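Take the sequences, apply the hints, and build the full model.
If you read the protein sequences in the order shown, they are chains A and B.
So in the numbering used here, spot 18 of the first sequence is number 18, and the numbers just go up one at a time.
To convert a position in the second sequence, counted from 1, into the numbering used here, add 195.
Hints listed in this document are in silico derivations from the structure and should not be mistaken for laboratory results.
Possibly wrong hints are sitting among the right ones.
Covered stretches of chain A (in silico footprint by chain B; criterion: 3 or more residues with CB under 8 Å from a CB of chain B, positions within the stretch not fixed) [said to hold, decoys possible]: (1) 46 to 60; (2) 70 to 76; (3) 81 to 90; (4) 104 to 111.
Straight-line alpha carbon distances no greater than 25 Å define the calculated PhoX-like cross-link-like pairs of lysine-lysine that follow [as the list claims (entries may be wrong)]: (5) A/73 - A/100; (6) A/100 - A/151; (7) B/278 - A/73; (8) A/100 - B/278.
Okay, the calculated beta carbon distance ranges per label pair [unchecked claim]: (9) B/232 - A/166: 27 to 37 Å; (10) A/155 - B/207: 23 to 33 Å; (11) A/12 - B/351: 35 to 45 Å.
Computed from a predicted model, the values in this text were never measured in an experiment.
All residues carry an ideal CB built from backbone N, CA and C; glycine is no exception.
If you want the building blocks of each chain, they are given just below.
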Amino acid sequence: MQRRGLLRRVLAFLALAAGGALPFGIARFLAPARAADASHLRPPGALADARAFTAACIGCGLCAEVCPPRCIKFYARSGGGEVNTPYIDPRASACILCGKCMEACPTDALRVIPRQEIDMGIARIDRDTCYPWLDRGVCGACVTVCPVGDKAINFEFANIYRPVVRSGCVGCGLCVEICPHPALAIHVRPRVTSA
Amino acid sequence: MLRHLNKLRLVTLTLIFAMLVLLPFLSIYQSYRAAHAYDLLAPAEQQLYDAMEWLTEPFTDDPATDLDALKGTTWSANVFGLKLSDPLALAGQIAAGGRVYGPFLLSALIPIVLTVLLGRFFCGWICPATLLYELNGLLSRWLRALGLRSPTRHFDLRFKYGVLALGLVLSMFTGTIFFALIYPPAIIGRELYYAIALGGFGAGAIFFALTLLFDLLVSRRGFCRYLCPGGALYSLLGRYRLLRIARKVEQCNDCTKCDVVCEFGLQPMRDGFGQECNNCTACMAVCPTDALAFRFSLTDLPAQGAGHLGRTHLRHGAKSATGDN
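Given below as structure tokens:
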């Protein structure tokens, strides 16, 4: 009988904890998302509108399961409406634009679109960090690795080792992944559309 | 023969769960294959590579692409080119986005049709959480053998329809698919992937552990019975299902074993199946007189009274039925 009393007390405590945690959980869920890491990109083909994306994504993880470089990760433990939605951090591992995730996605969170229409962001070169821009040697890694080519990134006319991002950049982030500078002289940021 | 269906069901559940564990490993293996990077792998990764190669070698020549044929979880899967999604995901997405996306609707169509025909069969035959909940029930039985009796509180079965409605409203207000956070099969598939391929459980694992505790400490199989929004949706869809379990009153001896074994707290012995029954066939397996069988009908049999082999019936009811003995 003593055991049953103990069990009942444990139960009551758990019920109390659960009851208390529920409003907190709901509040946590309804709270606005944490200021997102600016380097986190949505996978290719993602709906441009952030709200439309979270409303369409069911968090199934198929995009990550088919990703050959396994670059797609998830907001697994962060709160807000972003939870369980995919992101790519090109500093760790970048998208190779194979398009498998777009085909795997059961919803229209990731739509199948041609490669040149992909808009994950646009690369920006930090000219105070990039080795050739500081005349600290030759590099060209970003230009070499770019899967899109001349339309996205090429060398400046005056100095054949200084990279310049062009408007055709789709923001895959392979240049970020390969940049040899410890602080990464190139970043992908959301495209600012002048509309 | 029917009594072996329950074993088949447990095998199915185990296979599906094993598949959910295996798929993330296969996904990792595929990426190793695609990179042609065996020599660059750490020893542990090479072991994984070898194991997966051994597993898949009989089935495929080109693992990097062929293994894409089977992907996903029970929340949404790609099975040999056929996309299948959970109807609850569709409901959540419609509520969150306020629109219907055709191809996604199509991917949920086969599960919806099956649910309309077979009822809540997903809960008993496919749901990866069911396996864990039934193991949890086994744990509860062991604890009882040790003298720790789990309480079995009963609530209103209709509570889960409230959870479903609340989930739809929350999805609408937050613009996200709220069900993905609280629906155990979605959590299990996802968290297994997170744990294996991304190296760490997400927040959903905690929620799932809480539901296990709820089942153990408050109400047997309580989450599925009273809280699961998916169960609510399938119960509604399967209300007029075609395949039902029915009691053959001539063979029933009123032993109540089926009432006790029913995970969803239904009363097969009193013909109380209703929309909650998930055709799991556990009652068939336990019936000593084979009095429970499948029946194709849109409605359950009305209450048939005491079983003809039962004591009550033999004493009072059917002098004429036993007259020829």
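Hint check results:
Figure legend: the segment 46 to 60 of chain A, annotated as covered by chain B; annotation consistent (9 residues with Cβ-Cβ distances under 8 Å, at least 3 required). Residue count for the segment 70 to 76 of chain A with a Cβ under 8 Å from a Cβ of chain B: 4. That meets the three needed, and the coverage hint holds. Given a C-beta distance limit of less than 8 Å, the hint that chain B covers the segment 81 to 90 of chain A holds, as 3 residues qualify and 3 suffice. Using a Cβ-Cβ cut-off of 8 Å, 4 residues of the segment 104 to 111 of chain A lie near chain B, which meets the minimum of three, so the contact claim holds.
A hinted pair counts as satisfied when its Cα atoms are at most 25 Å apart, and residue 73 of chain A with residue 100 of chain A qualifies at roughly 15 Å. Distance restraint check for residue 100 of chain A and residue 151 of chain A: the Cα-Cα separation of roughly 23 Å lies within the 25 Å cut-off, and the hinted pair is therefore satisfied. Using a Cα cut-off of 25 Å, the hinted pair residue 278 of chain B and residue 73 of chain A holds, with the two alpha carbons roughly 22 Å apart. Annotation: proposed proximity of residue 100 of chain A to residue 278 of chain B holds, straight-line Cα distance about 14 Å (limit 25 Å).
Checking the proposed 27 to 37 Å range against residue 232 of chain B and residue 166 of chain A shows it holds: the Cβ atoms sit about 32 Å from each other. Range check, residue 155 of chain A to residue 207 of chain B: Cβ separation about 60 Å, and the 23 to 33 Å hint is violated. Distance hint check: the CB atoms of residue 12 of chain A and residue 351 of chain B are about 21 Å apart, inconsistent with the given range 35 to 45 Å.
Against the hints set out earlier in the document, violations occur for numbers 10, 11.
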